[in-house]
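K.L.:
Sequence:
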Amino acid sequence: MAHQIAARVQNRTDKEPMRVGRTVTREHLPTGLDHRKCVKAFFNYIHEAYPVFDRTKVTAEAEQYFMAAAKPGSIPCANVPVKLYMIIVIGCAALCSVRKLPEDMAERVFVPYQEIMNDCLMLPSVETIENLLLLALYSIYDPLGVSPWTLTGVLGRQAIAIGLNRKCRIVGDEGGGASAADDNSNGPAVMATTGLEAEHRHRLFWAIYQFDRMIAAAFGLPFVIDDQSINVPLPGITVEEFASSERIHYTRVLQVSRNSIGLRNLEGRVFQQVHLGNSPTTSSTSTGPSISISTSSLTYIDRRAILEDFRSRIDDWYAQRCLLSRLEKDNVEFLNTIGWLNLRYYSLLALLYCPSDFNSQLSSGQVSDLHRTIEQYIYYCAVLFQQQHFPLTYITLNRLLLVLLILLFCIDSSSHPGDVKGGRIDAHVVISLCIPILEAFPDRWSSAKRMLVLFRRLDCVPQLGQPPDHGSATNSTMFDETLPLASSAMGAGSYQQAEASRKGSVGQGVTFEDGLERIKNDAFALSQEILGPSSVYNNFS
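Here the UniProt record's numbering is used: position 332 in the sequence shown is 332, and no number is missing along the way.
Read the hints as simulated data drawn from the structure, not as lab findings. Treat the hints with caution; some may be incorrect.
Unchecked claim - Quick list of in silico lysine to any residue cross-link-like pairs, SDA-like style, CA-CA up to 25 Å: (1) Lys37 <-> Pro442; (2) Lys83 <-> Leu254; (3) Lys520 <-> Asp459; (4) Lys520 <-> Asp369; (5) Lys83 <-> Val126.
With the hints as extra help, turn the sequences into a complete structure.
P.N.:
Shown next, in the form of structure tokens:
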């Protein structure tokens with residue numbers, strides 16, 4: 001995909017106007033792709049958390065373009081607005097990621113990353129930022145495209161540049177006046193011509209805010225938008241939506257969106273304090289001062305008090321969401337189901353308690369609790385995976401990597417590490433649930449296949465402290481370098497070939513400590529490649 005984008009950019013002449021930011025040629029959509037199904041998937045899987053786009057208008061626009069192109073005498077490769085095009089390809093990628101469309105559909109999609117990014121940088125506006133948000137959303141499904149972290153940085157800075165982080169007032173609304181919040185360092189309120197336009201800007205900002213927090217926590221890197229730079233009301237129902245016959249639907253969508261914003265806000269605060277609090281890069285930002293307290297200035301008692309406060313907030317968030325969640329596993333609003341709520345709850349707890357400078361003094365009991373937390377987290381991942389509600393994306397991959405790093409930490413911290421299976425930590429439970437998910441990643445996700453190798457190697461660690469079975473030569477060779485971790489092009493076929501060659505060999509015998517250390521080193525190398533060398537999650541691997 002990257003070479004297709006590069007070739008297209010290179011072939012453009014200097015006189016050709018930058019129009020790809022407005023339309024994309026239909027011929028780049030895979031043959032046989034059902035645009036209706038993809039648009040529906042976008043609003044079922046994505047729209048709940050990011051209610052920026054009007055479902056009725058987008059559906060009507062899709063029908064207009066694709067039905068017109070199907071009429072006799074029409075141009076077969078009509079151009080499609082980039083917003084509609086991206087909604088379709090995101091829907092396609094979402095369906096492929098939950099195994100409801102063949103994977104080759106996603107592989108055949110062309111997305112002009114560079115043109116959409118350039119369009120937003122050259123002409124920052126609500127429209128181009130919407131397109132960039134869609135591009136960033138698509139990037140989490142695409143292992144061969146631009147990094148989601150890179151796109152999020154551009155997206156957040158451009159959003160702040162046009163004032164999306166400031167409250168929007170309606171022109172001529174003299175009664176509203178300027179509040180004290182409007183006169184703070186964030187600048188005056190931005191003006192809008194209608195209430196609908198103002199609400200749209202507010203929703204767009206909160207969508208970017210949520211994505212920024214999600215990517216930061218997934219990659220272990222600082223977020224772009226600081227909480228103290230925000231002066232925007234939460235998404236609210238518009239007059240048009242209230243008067244609509246689908247008012248109940250709009251209300252539910254906004255309810256899910258507000259819940260998601262609350263989650264990302266809490267996740268961001270936990271991440272800032274527990275993982276970035278002692279980082280010089282987060283002592284201040286371009287948009288305002290940091291909200292964290294330096295870890296080095298806190299005593300052990302202070303840290304425990306902060307953890308207890310965060311735990312109380314997380315439990316309160318969970319209790320309130322339980323009252324609003326639904327039980328149906330096949331419900332369209334799957335982001336509002338009990339399964340997703342439990343998954344997010346344990347994800348927050350893992351983020352709160354996982355190793356860091358802040359959590360540098362974990363007792364054996366706390367290590368056991370941390371292991372049980374990731375065990376519960378991966379259990380709900382497996383449940384949603386079985387229900388085909390668990391997308392295979394960068395977010396999933398990075399969180400499985402974090403599970404691996406935490407699991408290695410827990411094993412290493414065990415008082416009897418050579419007896420993992422019979423001691424406090426049963427690594428097999430987590431491993432057995434992670435392996436099927438990693439196996440489901442397509443071959444183009446080479447990092448997932450390499451992580452799968454690490455989990456399989458780790459699964460044999462407890463056997464190193466036991467007498468080998470007769471005729472088995474695999475236990476002492478699971479730490480062999482015949483399972484290639486360095487090759488970024490490795491796929492499922494490469495893994496099978498490596499394992500086949502391994503099964504026929506007899507290893508030299510490796511101690512538990514040496515074997516675990518090799519896996520930790522390989523996990524650290526993989527973490528550096530997936531998350532980047534600056535990720536805070538590299539500090540405890």
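K.L.:
Each hint: holds or not?
P.N.:
Here is how each hint holds up against the structure:
no. : hint              : in the structure
1   : Lys37 <-> Pro442  : holds (22 Å)
2   : Lys83 <-> Leu254  : holds (21 Å)
3   : Lys520 <-> Asp459 : holds (13 Å)
4   : Lys520 <-> Asp369 : holds (21 Å)
5   : Lys83 <-> Val126  : holds (12 Å)
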